[in-house]
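A.B. asks: Sequence:
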Amino acid sequence: MRTRTLTTHSAIRNWVESRKGHPALGLVRDRIGQLRPRLSLNFQHPELSDVSPSVDDGVSPCSWNAWLAELDRQNLALKVSDTASGIEFVERSALH
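Each residue of the sequence shown is one higher than the one before, starting from 137 at the first, in my numbering.
Read the hints as simulated data drawn from the structure, not as lab findings.
Careful: at least some of the hints might be erroneous.
[Said to hold, decoys possible] Between beta-carbon pairs, the in silico distance windows are: (1) Thr-144 / Asp-218: 13 to 21 angstroms; (2) Glu-224 / Glu-153: 13 to 21 angstroms; (3) Val-226 / Gln-180: 18 to 26 angstroms; (4) Thr-139 / Gln-170: 28 to 36 angstroms; (5) Leu-231 / Ser-154: 17 to 25 angstroms; (6) Ile-168 / Ser-146: 32 to 40 angstroms; (7) Ser-229 / His-145: 12 to 20 angstroms; (8) Ile-168 / Ala-230: 21 to 29 angstroms; (9) Asp-208 / Leu-163: 25 to 33 angstroms; (10) Met-137 / Gly-194: 17 to 25 angstroms.
Quick caveat, the model's predicted, so the values are computed rather than measured.
Note that CB positions come from ideal geometry on N, CA and C, so glycine has one too.
Let's have the full structure, built from the sequences with the hints guiding it.
C.D. replies: See below:
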C-alpha cells in the first residue's frame, strides 16, 4: 500500500474531488469544554464512511475556501493511501 501526504491546497482539493468528495466543518468540544472546528470530508462512496460525518454529528458542508483556511489554521495536512480507508489528518510539523 502506497501512502503520501498532501500539503498543497490544489493537491488536496484535486484528490478529494476526484473521489467525489466535498469539504465539511463541524464544531466539537475539546477536553476543556471549548468548541473548536472539526474538519471532515463527505464522500458519496460507502467505503469512505470512516472519514465522512454521519447525519447527526453536527458537520455541515462548507466552501473549499473555509475548509482550507481551517486546515491551515490547524496546521494540518491530508495523508492518503491507495485504499479508500487510508485517509487521516496529520500535523504538518511532523512532516519535517
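A.B. asks: Confirm or reject each hint.
C.D. replies: Cross-check of the supplied hints:
no.: 1; hint: Thr-144 / Asp-218: 13 to 21 angstroms; result: holds, 20 angstroms
no.: 2; hint: Glu-224 / Glu-153: 13 to 21 angstroms; result: holds, 19 angstroms
no.: 3; hint: Val-226 / Gln-180: 18 to 26 angstroms; result: holds, 24 angstroms
no.: 4; hint: Thr-139 / Gln-170: 28 to 36 angstroms; result: holds, 32 angstroms
no.: 5; hint: Leu-231 / Ser-154: 17 to 25 angstroms; result: holds, 22 angstroms
no.: 6; hint: Ile-168 / Ser-146: 32 to 40 angstroms; result: holds, 35 angstroms
no.: 7; hint: Ser-229 / His-145: 12 to 20 angstroms; result: holds, 18 angstroms
no.: 8; hint: Ile-168 / Ala-230: 21 to 29 angstroms; result: holds, 23 angstroms
no.: 9; hint: Asp-208 / Leu-163: 25 to 33 angstroms; result: violated, 18 angstroms
no.: 10; hint: Met-137 / Gly-194: 17 to 25 angstroms; result: violated, 32 angstroms
Violation of the numbered hints given earlier is confined to hints 9 and 10; the remaining hints are satisfied by the structure.
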